[in-house]
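Starting from the structure of chain A, add chain B where the hints point.
Just so you know, the sequences run in chain order A and B. Heads up, the first sequence is in this note's numbering, so the first residue is 1 and it goes up one at a time. Heads up, the second sequence is in this note's numbering, so the first residue is 1 and it goes up one at a time.
The set of hints was computed from the structure by calculation and includes no laboratory data. Accuracy of the hints is not assured; some may be wrong.
[To be verified] Here are some of the chain B residues that sit facing chain A, going by a computed Cβ distance under 10 angstroms:
| # | residue |
| --- | --- |
| 1 | PHE29 |
| 2 | PRO32 |
| 3 | ARG52 |
| 4 | ALA55 |
| 5 | GLN59 |
| 6 | ARG80 |
| 7 | GLN87 |
| 8 | ALA90 |
| 9 | MET94 |
| 10 | TYR98 |
| 11 | GLY104 |
| 12 | ARG106 |
| 13 | CYS107 |
| 14 | ARG112 |
| 15 | LEU183 |
By construction, the Cβ of each residue, glycine as well, lies at the ideal position given by its N, Cα and C atoms.
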Amino acid sequence: MKQNDIKRLSLYLLFAPFALWIALLIILPHAGMLYISLREKVAPRVYEFGLGNYINFFNEPIYWNTLIRTGSMSLLVTVLALLLGFPIAYYIAKIAGYRTRGALFLMCLIPLWVSDLIRAFGWILLLRETGIISSSLQWAGVISTPIEFLYNDATVIVGLVYTVILFMIVPLVSTLDGMDDSMIEAGYNLGGNGPTVLRRIIIPYAMPGIVSGCIVVFMLTAGSYLTPILLGGKNSSWFTEQIYDQFITRYNWESGAAFGFVLLAFTSLVIWIGLKLSGQTLSSTVARS
Amino acid sequence: MQSPTENDLECIEIKKHFGSVRAVDDVSFEIPKGSFFSILGPSGCGKTTLMRMIAGFEQPSSGDIRIKGKSVIGTPPNKRNVKMVFQHLALFPMMNVYENIAYGLRCAGASRDVIRTKVHDVLARISLPDVANREISQLSGGQKQRIAIARCMVLDPDVLLLDEPLGALDLKLREAMKIELKLLQHQFDTTFVYITHDQSEALVMSDNVAIMDKGKFVQIGTPQELYHRPAAAFVAGFVGDTNRWAGRVTRVENGAVEVATDAGLIIRGSVRGAGAPSAGDAVHVFVRPEFITAARAGGQAPTGAAGQNVIEGRIDSILFNGANSRVLVRDKAGELIEADVVLTGGVEDLKPKDDVTLSWSPEQTMSFSV
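Okay, chain A solo, but in the shape it has when bound (with noise of 0.2 angstroms):
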């Protein structure tokens, strides 16, 4: 056998468990639920080929509500998401000693190894009637009654940013490394103070890395599942909760799966705008990091 052959048998070997990846567990399923959200029932076990639960869709404003408030909550987590863990990564790349380093990030991936059960139940723990905010803050005398802090959208979003926070420090810590500190310096030598250097060296250095981390953010909050209804209950109307409804409770798969490409098409759309207004492409930000 020649080099040439052996060299491009390692690539296709090499290749294969991502390709059967991409091939059995992204493409087929989706093209499986597009044929099925473009059924539409017209009685029992019969079905014509159209556009029917799309339309759907938008007829029913509960839904595309849900959508609305499932993306602009999304978002919301994701500035938050941002404002917070910018100045942690800033932390972690630019001021803490090499040694800090190392036991800062360590820190931040240790909520990892916890599931995200234990930790939406740890939060309810917290957060309930009977949880140990209330009865400290009823010790304290600050109330007089428990109070239910759970089931409310201002908890949703804390637990949600609490969450995703880490896929946003550690994009952002790793452009916030690759920038010479002698950068910043030069920043303020020729005359910047500390927003101006801030705002026009430091942010625009670090676009790639808060793009990169806003996708990842955006993307995970958007499909997340657990955490909205475990800590927003009933109240909560994520847009995932009504995709699980049409399957699992209405056993409506034509119109579930038509709720899930509406999700991905809104979500993209969404990046997309995002990544217009930011200046940058996907291959100068999530590729990179």
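Chain B alone, transformed into the frame defined by chain A:
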């Protein structure tokens, strides 16, 4: 008395401690307006710390820094009219050339028209009038260098600090940039403070050079003074190439000494630096290769006055480098001595294994007390 405006930069008894480490220890100097001043020292001697204090990124533990006669202690870096060219230049990669140069002017609140005029003016002065719209990554090493200087000079600084900016360039470009930097300094007529560990950069470009070692200034002087009249053994060894022996004084005679080196050579030299040695004192002796004459043994006896140092030896190898060629001669004691020679390419040239006589005058032999 000098008027305070004649010096662009004065440092008075600057000290900087990091814990128990004295990075900069009692450094004082003044730099007259419009001159090229270099601080030359081995890495880790504290020169970068000193520069960062002048720029305002570090605060001195004690002492005063005055720019145009005004103390800048407590003034933040962005309020000092001292600009800095960083070691790796620190050009902003997300901005193009125009934006990089305009950044400082924007921070100063200049109007759009003023910025445009000034940026194009400075680009013309560094003879790169057409690069305004290029990205930083599209520039060559030498162009980046000039843009980094232009970015500072457009702000009319009182002092421009340069932190080994030629270190990253290849040799040929470095040689060209040395001359160019000197020309740029003349053209802008601004005080340049240049930090380097490369003595040839410092000697070629500077009006004055300060030699720094272990946080202290050892000597300040013109390049010629440092080379020919070093004040300390460190300067003699650090500036320029030199042969060096350690030995003990055997005889002292009004300014001249006779030294027996540890390997057993007897060398006559002149006393330099501080301290008058007496017989038995340990000294270091330095002779520069260009002052040693190498002649083939058995030929005509070395000319020159009596009292010359004369040593017999055999050529170990020849280091051919055009006009700067050199021979390595192994003396009777087994040590290698470097001497500059002229190689014409003819049959008379010295060759390895030739027996030679080395001679040099005691005036060119610098002896420093240890």
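We went through each hint and held it up to the structure:
1. Proximity of PHE29(B) to chain A is violated relative to the hint, the smallest CB-CB distance being about 21 angstroms (cut-off 10 angstroms).
2. The interface hint given for PRO32(B) is violated, since its Cβ lies 23 angstroms from the closest Cβ of chain A, which is over the 10 angstroms cut-off.
3. Using the Cβ-Cβ criterion of 10 angstroms, the hint placing ARG52(B) at the interface with chain A is satisfied: the shortest such distance is roughly 9 angstroms.
4. For ALA55(B), the interface hint holds, the least distance from its beta-carbon to any beta-carbon of chain A being 6 angstroms, beneath 10 angstroms.
5. Of the supplied interface hints, the one on GLN59(B) is violated, with its beta-carbon coming no nearer than about 14 angstroms to a beta-carbon of chain A, more than 10 angstroms.
6. Restraint check, ARG80(B) versus chain A: the minimum CB separation of about 8 angstroms is within 10 angstroms; hint holds.
7. For GLN87(B), the interface hint holds, since its Cβ comes within 10 angstroms of a Cβ in chain A; the closest pair sits about 7 angstroms apart.
8. Contact between ALA90(B) and chain A, as hinted, is supported at the beta carbon level, the nearest pair being about 4 angstroms apart and thus within 10 angstroms.
9. Annotation: MET94(B) was flagged as interfacial toward chain A, and the flag holds, the nearest CB pair being 4 angstroms apart, inside 10 angstroms.
10. A least Cβ separation of about 14 angstroms between TYR98(B) and chain A goes past the 10 angstroms threshold, and the interface hint is therefore violated.
11. Checking GLY104(B) against chain A by beta carbon gives a least distance of about 4 angstroms; that is within 10 angstroms, so the hint holds.
12. Of the supplied interface hints, the one on ARG106(B) holds, with its beta-carbon coming within about 8 angstroms of a beta-carbon of chain A, less than 10 angstroms.
13. Proximity of CYS107(B) to chain A holds as hinted, the smallest CB-CB distance being about 4 angstroms (cut-off 10 angstroms).
14. For ARG112(B), the suggested interface contact is broken, since its CB lies about 16 angstroms from the closest CB of chain A, more than 10 angstroms.
15. This hint is violated: LEU183(B) has a C-beta 23 angstroms from the nearest C-beta of chain A, more than the 10 angstroms allowed.
Hints 1, 2, 5, 10, 14, 15 from the earlier list are contradicted by this structure; the remaining hints agree with it.
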